[in-house]
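Engineer: All chains, full assembly: derive it from the sequences and hints.
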Amino acid sequence: MRQPGLVHVLTPKWRTALTRARQERASGGRGKAITLAVVAVIFWAAVFGVLFRVLRYFKGTEEIGALLAGKLLGLLLLSFASILVLSNVVTALSSYFLAKDLDLLVSSPVDGLRLYLAKLLETVINSSWMVALMAVPVFAAYGIVYKGGWLFALYAPAIFLPSLLLPAVIGVAITTVLVSVFPARRTRDLLSIIALGAAAGVIILFRIIRPEQLARPEGFRNLLDFVTVLRTPTSPFLPSEWVSQAVMTYLTGRLDWLSVFLVWSSAAAFVVLGAWLHGRLFPTAFTRAQEGAERFVRGSVWDWSLGWLLRPLGAARREFILKDLRLFFRDTTQWSQLILLAALLFVYLFNIRALPLFRGETVPFFLVSTISFLNLGLAGFVLASIAARFIFPAVSLEGRQMWLLRSSPLDLRTLLWSKYWVGTIPLLVLALLITVLTNVLLKATPFMMAVGVGTIILLTLAIAALALGFGALYPQFETENAAQIPTSFGGLVFMMATIALLAVVIVIESVPVYRYLRAAFEQRPLEVTPLMVGAFALAALVCLAATVIPLRIALRKMEEFEF
Amino acid sequence: MIQLFDLTKKYGTFTAVDRVTLTVPKGSLYGFLGPNGAGKTTTLRMIAGILRPSAGRVLIGGDDVATHPLAAKMRLGFIPDRPFVYDKLTGAEFLRFVAGLYGQEGQVVERRIDELLDVFELATWKNELIESYSHGMRQKLIISSALIHRPEVIVVDEPMVGLDPRAARLLKDLFRGFVGRGGTVLMSTHTLEIAEAICDRLAIIQGGRIVAAGAMPDLRRQHDAGDLGLEDLFLRLTGGTAAMELKQVLEG
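Residue numbers (this note's numbering), protein chains in the order written: chain R, 29 to 591; chain U, 6 to 257.
It should be emphasised that the hints constitute simulated quantities derived from the structure, not laboratory data.
Here a beta-carbon is modelled for each residue, glycine too, at the ideal position from N, C-alpha and C.
Any given hint might turn out to be false.
[As the list claims (entries may be wrong)] If you only want the chain U side, here are some residues facing chain R, beta carbon under 8 Å, derived:
#: 1; residue: A53
#: 2; residue: I55
#: 3; residue: P85
#: 4; residue: F89
#: 5; residue: L94
#: 6; residue: G108
#: 7; residue: E110
#: 8; residue: V113
#: 9; residue: R155
[Claimed, not checked] When the alpha-carbon atoms are kept at most 30 Å apart in a straight line, the in silico DSS-like pairs for lysine-lysine are as follows:
#: 10; chain 1: R; residue 1: K128; chain 2: U; residue 2: K131
#: 11; chain 1: R; residue 1: K60; chain 2: R; residue 2: K41
#: 12; chain 1: R; residue 1: K60; chain 2: U; residue 2: K15
#: 13; chain 1: U; residue 1: K15; chain 2: R; residue 2: K585
#: 14; chain 1: U; residue 1: K15; chain 2: U; residue 2: K31
#: 15; chain 1: U; residue 1: K131; chain 2: U; residue 2: K177
#: 16; chain 1: R; residue 1: K41; chain 2: R; residue 2: K128
#: 17; chain 1: U; residue 1: K177; chain 2: U; residue 2: K31
#: 18; chain 1: R; residue 1: K87; chain 2: R; residue 2: K175
Structural biologist: Pasting the structure below:
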């Protein structure tokens, strides 16, 4: 029998993508496309701009400039590779073992190699598109600064492609081995914990070693040591090092053919090895993937503790809240994100602690107060990212069960109310923790503490409402994985709206805060003027409006949902 | 009692349900039949308050689903065709949750949960996550959830799909018993033998419009069908020539 081509095996995937794009365009998706394009261009421009300046500076440095640029590229590619391996492991799990089209593909007479290659292509595209986009401004900066010419625009993708293939083959192999040992659903749980735990560990480790100290000139003993370190590759066996070699030698006019050969031959060899491993393990692994849904569960803790506490709310609200909490803590992909959150919180407070403010001399009051005030914006941004993770998907996650909620006499207001407070209360606790601890660490004045606490409470209420509102405006009912929902277009719009709100509130409050600081600087008592009171009142009004309006819009939108 | 007045649903220029007027009397089991894409599920979902009609009204026990949705829904138990439920809840937790949506709680609910899980032979699965249930078990759980609050009216879309013969028989007996005690059932199905055997009245929908409605003898009389069975009558009313063509295709 003639085997179908790879493109044919993937027909449902690319056709779905095309149709979705067409539908998007038909339903007035132009605004969406423009917003995405603008954000992407700003991001690209920022990456390009920073790298361009750095590389220009390197190029100006005699002798070691090219070495530094090569080292930097090696590091960038190495971080890309580590991100890609992690992301491929997770993506391979769904594309090879959990995807809906597998029953059809496995039951049809498509040979194992075709299936492997088709799914490898799908995995590479799904897991690597973001990294590939990130690489564009990176290579563009290298090409322009080192005058690679137009041929470099063809050479760079050709040499970069194997760096996408290699992590994909490794990721798929790891997943296949894991699934042939554990059932797929257990593996997914295991992987999400390992991946997030590893990410959290790396973030904490990176912060604790305090890389900013490396920038201090007194850290180096002499220049020769430094150059020696630069000349040694991070590891001669790392493909990222070969790619970096191949790029830098091309740009400096002495192309190292061995690196090019190593990159491509190892990618090809890995694909062959991966296909062999797939042939050996996939049948067993795929069978195991069909098993293993969790059966037994402990649930009485919720009923006895929180169930009792929520009794005054009435049956409908109480059961709804309990249901949300149970689903959250039983879904490993959801609760495991708390690990990352804890790590970020640690890093946040560590950064404040590490600020070089208290070095024996008089405490720089003005600086401390300014940082304490601007910290509101940073804390708000952190809260917005958390709300995007946990509150934004709340409406989308009800999608498949909406038949039950809409056909029951549960008032949509109650539903929204429960979703809002289930998300807001933990966020509020976290917000207060960040703000109070930061201000205590900074030794801020009671006035700054009061401004910080008051503002962060109002901001949290607004951020949670915005997350729920935009979540209802841009629902993702088809997504099975909750972790993917915040990365949608709606998630982006929510983040942009929140940043705008933070900016407005900070600008308004800067008026009274400036007056306070000025009075303190000139060592005269603070005079409370109507302008100060008015500014605080206006900030509060903005926050309240940003709370009430999105909730009202969400309610109206939810009333219009049709299934 | 369920009453539909000029119920219409349009998707853009396409009319899925076209001015459907129908009364399902209290204490009757009403079969809702039609070929694929005729508008059955759309109609049932409008009755359940999940879809909003483009025009027309739905009354459940006299309460308008659009103007008094909560009162109407309190009387209703809806069973959809696709059993999407919360995978990470146990069967008992799911039923307790649904009871809560109808404002019910306490020992009454706990007893009712045990009763329903016993009837549907799910008692041993009570404290296990729904993700480990088979398709048929999920369907039974959803049927239990529709009965948990003792509704007056049950609207059910394709109830027999995925059920084993025992459960299918149980469901038929259950619906008859429910109707016998004064309840009302509106059931869409493709299994014409079941519809003919258990339904008091039938409505056939085609292209979004009701083409026939009434008890079986009335339908035969209205369409000069002599003593034709439901299957033949259904095919005659819904353009069953395709079935004959299919026979020719299969015979080569």
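Engineer: Next item in the hint list is U:G108. Is there a CB on chain R closer than 8 Å to its CB?
Structural biologist: holds, 5 Å
Engineer: Holds or violated: U:V113 as interface residue toward chain R, Cβ cutoff 8 Å?
Structural biologist: Because about 11 Å separates U:V113 from the closest Cβ in chain R, which is outside the 8 Å limit, the hint is violated.
Engineer: Classify the hint on U:L94 as holds or violated, based on whether any CB of chain R lies nearer than 8 Å to its CB.
Structural biologist: holds, 6 Å
Engineer: Does U:I55 pass the interface hint, meaning its C-beta sits closer than 8 Å to a C-beta of chain R?
Structural biologist: holds, 4 Å
Engineer: Given U:F89 as an interface hint, is the shortest Cβ-Cβ distance to chain R below 8 Å?
Structural biologist: holds, 4 Å
Engineer: Do the alpha carbons of U:K177 and U:K31 lie within 30 Å of each other, as the hint requires?
Structural biologist: holds, 18 Å
Engineer: Would the hint on U:A53 be counted as holding, given a Cβ-Cβ threshold of 8 Å to chain R?
Structural biologist: Given a least distance of 4 Å, the restraint on U:A53 holds.
Engineer: Take a quick look at whether R:K41 and R:K128 sit within 30 Å of each other, Cα to Cα.
Structural biologist: holds, 11 Å
Engineer: Tell me if the interface restraint on U:P85 is satisfied: Cβ within less than 8 Å of some Cβ in chain R.
Structural biologist: Holds, because the Cβ-Cβ distance from U:P85 to chain R comes to roughly 5 Å (cut-off 8 Å).
Engineer: Within 30 Å, alpha carbon to alpha carbon, are R:K60 and R:K41?
Structural biologist: holds, 22 Å
Engineer: At a threshold of 8 Å, is the proposed contact between U:E110 and chain R supported by beta-carbon distances?
Structural biologist: The hint holds - U:E110 has a Cβ within 8 Å of chain R, the shortest such distance being about 4 Å.
Engineer: Hey, R:K87 versus R:K175, does the alpha-carbon distance stay inside 30 Å?
Structural biologist: Roughly 11 Å separates the two Cα atoms, so the pair holds.
The structure shown violates the earlier hints numbered 8 and 9.
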